[in-house]
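**Student:** Start from the sequences, fold in the hints, and give me the full structure.
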Amino acid sequence: MAVATRPPRGRPQRRWGPAFRRNLTAYGFLSGALICFAFFSWYPMLRGFVLSLQHNNFVDPPEWVGLDNYRTVLADPVFQTAWVNTLVYTLLALLCGYVVPFVVALVLNELRHARGYLRFVVYLPVMLPPAVAVLLFKWFYDPGPGLFNQVLGLVGLPGLSWLDSSSTALISLVLVSTWMNLGTGTLIYLAALQSVPGELYEAAELDGAGFFRRIWHVTVPQTRLILLVMLLLQVIATMQVFIEPYLLTGGGPEDATMSVVYLMYQYAFVYDDFGAGSALGVMLMLVLMVFSAAYLRFSRDDPQERS
Amino acid sequence: MSLTATRPPAAPPARKGAPRRRPRKVFGSEHRTVVSPHHLNTVWGRRIYWAVLVFVLVTFTLVFLFPLYWMVTGAMKTQEEFLRLPPTYFPSDWTLESYRQAWELMGLGKFLLNTFQYAFGALAFTLAFDVAAAYALSKLRPVFGNVVLLAMLATLMIPPTVILLPAYLTVKDLPLVQLDLLNTPWAIWLPTVANGFTVFLLKRFFDGIPRELIEAAQIDGASPFRILRSIVLPVSRPILGVVSILTVTNVWRDFVWPLLVLPDPERMTISVGIASLRFNMPQTTMTAALVIASIPTIVVFLAFQRHIMAGLTAGGLKG
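Keeping their order, the protein sequence lines are chains A and B. The opening residue of the first sequence carries number 1 in the numbering used here; numbering runs sequentially from there. The opening residue of the second sequence carries number 1001 in the numbering used here; numbering runs sequentially from there.
It should be emphasised that the hints constitute simulated quantities derived from the structure, not laboratory data. Since the model is a prediction, treat every value here as computed from it, not as a measurement. Glycine included, every Cβ here is placed at the ideal spot set by N, Cα and C. It cannot be assumed that every hint is accurate.
Claimed, not checked - Computed, partial: chain A to chain B, Cβ under 10 angstroms:
{"#": "1", "residue": "Leu51"}
{"#": "2", "residue": "Phe58"}
{"#": "3", "residue": "Glu110"}
{"#": "4", "residue": "Phe140"}
{"#": "5", "residue": "Tyr201"}
{"#": "6", "residue": "Arg214"}
**Tutor:** See the structure below:
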């Protein structure tokens, strides 16, 4: 108010008097968030790199060891298994968790009845705490009285050993995470489908395009961006899989469900080797950064494109 | 029949109905989708439509609702009935014994209270710090504001689990001040604030508030804080609602972080608490505990369905 002469519209710079005071106020407002970001985001990012290059028992001063930690991790026979499992898991999760919600959204979008109910039901599992959903499925997977083997029995199929066999354990994990995350994707796709202009379908139909061609040539291109963004998001999310192996299988049987993050957790909190754990974290970060960068780039274009 | 193919304007179309059982319920076209209303109104179109509808209703109910039903009723069975083969679909004697046991043996009340404390504390800090930050970035526009914003958004590129270990070590021994935040609510509250997506959502909303409104207040001599309180916040209620719901449900659902930073059984969140007791509890008690743990989030969902859906699509995707 000291320099309260109203600035011309084009120059909003001098609103609260001298620039210095304005900046001081602004950084006052920013300080809380800045401190939190600095401590819990920016600093840990840097520290992750530093840790991965050190031997550190947090008692003696840390010792620089170059790429030793990376060598340790790479030499671990479980390392390769963990990456392969994570990649297979991601691929399977994409197959289930990416394609299925889109198909579900397509179908729901056609239905004129019970929409509210269907949306509600699809999204309900998303609201369960993930730990609850996972523990619930652990009980369903039980080879004895478990629900899934009961259902298989009903239709005359032999029961599976689900989590106890290395051939079915991984897919069992994918089933849980698909079940509990399906709703998110479905609702986002539904929102995207609503914004596809109906004229395009009409035009396509007049040109003689059948049902599937209309989906392929109208729906998919029109929702291309959101499909891409969801694909990236899905990859990023599933490559961090931890809670499912942690609660369901402990990485077993025979490391069949060992994931990269679970291995990282083990290095740090079971073997007490934060250096090796961080090295693994850095590797995962480098892989995921590629996807994250693409995700950020496309998701920022997205709102303008849609509205 | 051929007339219906043209797209009627927004008003409810004056349809000439097909002579079926329910002539009033003809498929109009609120929004043209892949299948044309014209096709839907043919005899086969209707048959297929209803077949698909019934199929979807039954499948979805079975796949998404039945497990929850199984969980809720499973906890009402006795332990023998629970393990019986073939299973019963209705408990023969309904008993709330397992729920009582879960509550008492597992100390769920304590876990729930902890989780409430973490979730709402985190919400308070997030609203206080992130709203102020987004306001500063959007309306006060300090030097290097864009750099700060970019640095905050850049954290979105780093998935949370890959900085899990260094973040854990930071919380264990906070640099500069040498504080150990393990087993304190601060270990949940403060990291929640550092959420680039929240700042992004808020800033984008604040950007949309007309500058004239702010300028008018400045002319009247309002301080930046006063403008935030009396102008920006009142018009931002929708986005504050979305951010609140996202924050609370995220903290409530989180597992890995509280697992690491709150190892003391007295301090655990409900998810971690239940998981830590999973080996020593009878299956019925465990199931009852799962039900109790999901009640709060389900209630939030029922109460704020619309906002949650809005949050899902706001600014693209959830973080």
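**Student:** State for each hint whether it applies.
**Tutor:** Verification of the supplied hints:
no. : hint   : result
1   : Leu51  : holds (6 angstroms)
2   : Phe58  : holds (8 angstroms)
3   : Glu110 : holds (5 angstroms)
4   : Phe140 : holds (7 angstroms)
5   : Tyr201 : holds (5 angstroms)
6   : Arg214 : holds (5 angstroms)
Checked against the numbered hints above, the structure breaks none of them.
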